Amino acid sequence: MAERRYILYPVWDPLLRGVHWWNVLTLCGQLVTGAFILYLGEELDHMDHEGLVGIHLVFGYLFAAGLLVRTLWLFTGPESARLRDLLPVTRAGRRVLWETVRFYLGLLRGTPPLYRAHNPFAGIVYCIFFLVAWFQVVTGAMTLKLAAALREDSALLELHEAGFFLIVLFIAAHLAAVFIHELVERRGLVSAMVHGCKIFTDEEIEALEGEP
Amino acid sequence: MSFYKQEVFMNGKVNIVFGLLYFAATALLGPVLLVPGKGGNFQKMAEATRAVEKVRTESAGGAPSMESLGEAVTGIMDYLKDINRIGFVKSAAHAHGNLEALLNVVAGLVILTLVVPSSYKTVLSLLFLIGAVFHSGMLYLVSVFGIRWAGNLTFIGAVAIIAGLVLLGAASIVGIRKAG
Ligand code: HEM
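Which chain is which? The protein sequence lines are A and B, in order. Per the numbering used here, the first sequence runs over residues 1 to 212. Per the numbering used here, the second sequence runs over residues 1 to 180.
Be aware that one or more of the hints could be misleading.
Quick list of in silico lysine to any residue cross-link-like pairs, SDA-like style, CA-CA up to 25 Å [claimed, not checked]:
#1 A/LYS145 - B/ILE162
#2 A/LYS145 - B/VAL14
#3 A/LYS145 - B/THR154
Calculated from the structure, these hints are not laboratory results. The structure presented is a predicted model; accordingly, all values stated were derived computationally and were not measured.
Build the full structure now, drawing on both the sequences and the hints.
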């Protein structure tokens, strides 16, 4: 077997990584308190319920802060963090998108598609996640403006619940996808989200840098 | 590969300029608050005080009359309603606006001196602008121009200010360096 050189190649900037883990932590707080309110809300006495809603509100603000920063970073950050990197707007991006779809449909046989930072298929999902997350923040903030007596049967609260399930679905799919890609690509994706660098062979880097 | 393009766009200067001008606008609310009917209504306050005084003198020599008690209570309620209606929101726009204007000046000065990539300066700069415009700025729209729905947007500004402060703190740890 020929000698291969592996290179740690920087893909994620520090702010993107920091915001990613910040969002993971605050979203966990949101999901746990949200699930308690949703499933145990009626069994809790008044004080506990209000207390939980209060914690949910504080974590909601903290999550919204991370989301706002990530959203601004989509437009102001380095290239690997920009909206252009998430969405398949270039020809190369569209090619990788179809390669990824084909790779999934072919049940992960063959070589996995090669991309630098965001996989364009995942990128679309991340964009949808950002939108749903904003929707959650806005419906949550609006719900809190309603008088407590009106909240229970408000349509807003139902939308907020629907968003909850979409986010749970996203997280499950995201974790499964990271797991699968880690298995087939072996680039140290999770470590890359910690220290910023994915592992590529020098040939892969040549191929990547040859692209426009 | 370098992550960052060298661009000098929003490097803190815009926050300083904005902060100073915005401060002028929010500071002006101070004297406006003193105009009767615009801020707390001093005439109503004087009436309420007089009515309460009357109750006090009456109760020194026995039970005060129902009439004076009634006057005192309605006087106080009128005054409270009045400040609640206009004075409170206006003084909130005044106080938070002044603070956030100054915050932009300070943040702008810090951002200017930070040794960090320019995209970080841009995002920090934006967070403080959004913070002031969407927090006290919206309070300003509510109280000065009577645009009620703007009050619903204040949480965006609050969130931006929290994010800006935390990030500027973090950026200061790495980005404030000794010369040379
Ligand atoms: C719980 C909520 C989570 C959310 C909302 C979330 C969201 C995201 C988003 C939006 C991205 C795209 C990067 C960006 O553009 O900002 C991303 C990437 C990534 N996330 Fe998460 N994430 C979550 C949890 C996790 C967890 C628990 C792990 C690790 C086990 C993880 C590992 C990764 C990795 C490895 C990537 C990069 C994938 C790639 O290389 O294409 N995420 N995540």
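Each hint, compared with the structure:
With a C-alpha separation of about 20 Å, the suggested pair A/LYS145 and B/ILE162 falls inside the 25 Å cut-off, and the hint holds. For the suggested pair A/LYS145 and B/VAL14, the alpha carbons sit about 33 Å apart, so the restraint of at most 25 Å is broken. Restraint check for A/LYS145 and B/THR154: satisfied, since their Cα atoms lie roughly 12 Å apart, inside the 25 Å limit.
Violated hint: 2 only; the structure is consistent with all others.
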